[in-house]
Amino acid sequence: MLLIFFITQLSDTVSHYRVLIAVELAVIPVWFLLILLGFTLINKGIFFYLPLFREGMQNIINGQSSHRLNPAEGGEMAELSLAFNEMAAGIEHNYKKIEEQSAELQDKNWELQEANTELEASYGQLQAIIEQLNEAEQKYHSLVRNIPELVWVVENTGVISFVNHRCAALLGYEKSEITGKNINDFIEPKGDAVSVHSLISKLEDKNSITVELPLVRKDGAVIITEASFTNYIFNGINMGLQAIIRDVTQKRSMEAEIIRHNEELAVINRVSKTLTSTLDLEDLSNIVVNEITKVLGYSACILAMLGSNGTNLYTRAYAGLFFEGLVKGTEDFGFISCENELISKVL
Numbered sequence: 001m002l003l004i005f006f007i008t009q010l011s012d013t014v015s016h017y018r019v020l021i022a023v024e025l026a027v028i029p030v031w032f033l034l035i036l037l038g039f040t041l042i043n044k045g046i047f048f049y050l051p052l053f054r055e056g057m058q059n060i061i062n063g064q065s066s067h068r069l070n071p072a073e074g075g076e077m078a079e080l081s082l083a084f085n086e087m088a089a090g091i092e093h094n095y096k097k098i099e100e101q102s103a104e105l106q107d108k109n110w111e112l113q114e115a116n117t118e119l120e121a122s123y124g125q126l127q128a129i130i131e132q133l134n135e136a137e138q139k140y141h142s143l144v145r146n147i148p149e150l151v152w153v154v155e156n157t158g159v160i161s162f163v164n165h166r167c168a169a170l171l172g173y174e175k176s177e178i179t180g181k182n183i184n185d186f187i188e189p190k191g192d193a194v195s196v197h198s199l200i201s202k203l204e205d206k207n208s209i210t211v212e213l214p215l216v217r218k219d220g221a222v223i224i225t226e227a228s229f230t231n232y233i234f235n236g237i238n239m240g241l242q243a244i245i246r247d248v249t250q251k252r253s254m255e256a257e258i259i260r261h262n263e264e265l266a267v268i269n270r271v272s273k274t275l276t277s278t279l280d281l282e283d284l285s286n287i288v289v290n291e292i293t294k295v296l297g298y299s300a301c302i303l304a305m306l307g308s309n310g311t312n313l314y315t316r317a318y319a320g321l322f323f324e325g326l327v328k329g330t331e332d333f334g335f336i337s338c339e340n341e342l343i344s345k346v347l
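The numbering of the sequence shown is the numbering used here, which starts it at 1 and goes up by one.
Among the clues, some could well be false.
Under the rule of at most 25 Å between Cα atoms (straight-line distance), these lysine to any residue pairs were calculated in the SDA-like manner [to be verified]:
1) 190 - 170
2) 97 - 82
3) 190 - 222
4) 190 - 253
5) 202 - 224
6) 175 - 231
7) 251 - 173
8) 181 - 198
9) 218 - 251
10) 251 - 209
11) 218 - 246
12) 202 - 228
13) 273 - 295
14) 328 - 280
To be clear, the hints were calculated from the coordinates, so they are not data collected in a lab.
Kindly generate the complete structure, drawing on both the sequences and the hints.
Structure below.
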């Protein structure tokens, strides 16, 4: 009985598993078919749109960033198409931005090239100006070195800041002994002091001013100089005065000699006119001595004539401040012996 029951149960169990296996075998192919169908549809969409994606990417690579896919034709690939279009739009935006930046860079490059060209031209002009300045400076230094006159640069305070080499020959000083000192230290004490500010104010209406300066040499001798002052301008600022000084001592001496000779000639001319206008010897003598003291500036003048004995000189006329209050007439002079050493030399 037990054996029959066991076999019966075993038989039922086997039948149950057979039914389950049959059902599972019937269900499994359906899901498998659905999966295969889905993969087939997806693969079909991918295989259909893959050339379109490839073409779109190639166009973008070739610079056609405006290329777009139509999402309506995408079906299940619509989202991918939209993503592609969004990517293409971003690339197009960046490309346009790069083009704009490239155009700006190109414009700036042209501006830089033009600025560089102008800079090169300006540099060339600057070089030419520098060469001209150097040449002018060399000429100026050569002029200052070779000029026979003394050149001073005097600051507004009166201090000498520059002097050329002529100071040694003209004044006997070295350059280092003059620079840093006041210009009035070298002017003869009896002369008029130099006021730099006064000269600068006078130069407002003139290009130069010439004054006579008596300068004292290192050995104590006084020389007469003629100084031509001009404004010393640096960077548009009046820094003081520039003076060109020349020694006119010999010139003034010659001028004085010429004046003296002219005065002597004037006296002779007046005496000659007097000789023709009067025959009175006493009047003629007085006119002669008065003209001599007046024109030549002598303080005493005596006109003496040789006496009849030929050995003495007798005063005929006299004039001059020296005799005022000392003598009353020609008789007070007496006579002068011709044997006098001084008179003998004159005779």
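Hints, one by one, checked against the model:
{"no.": "1", "hint": "190 - 170", "result": "holds, 20 Å"}
{"no.": "2", "hint": "97 - 82", "result": "holds, 22 Å"}
{"no.": "3", "hint": "190 - 222", "result": "holds, 11 Å"}
{"no.": "4", "hint": "190 - 253", "result": "holds, 19 Å"}
{"no.": "5", "hint": "202 - 224", "result": "holds, 23 Å"}
{"no.": "6", "hint": "175 - 231", "result": "holds, 22 Å"}
{"no.": "7", "hint": "251 - 173", "result": "holds, 23 Å"}
{"no.": "8", "hint": "181 - 198", "result": "holds, 19 Å"}
{"no.": "9", "hint": "218 - 251", "result": "holds, 21 Å"}
{"no.": "10", "hint": "251 - 209", "result": "holds, 19 Å"}
{"no.": "11", "hint": "218 - 246", "result": "holds, 17 Å"}
{"no.": "12", "hint": "202 - 228", "result": "holds, 13 Å"}
{"no.": "13", "hint": "273 - 295", "result": "holds, 15 Å"}
{"no.": "14", "hint": "328 - 280", "result": "holds, 21 Å"}
This entry satisfies every hint, going by the numbered hints stated previously.
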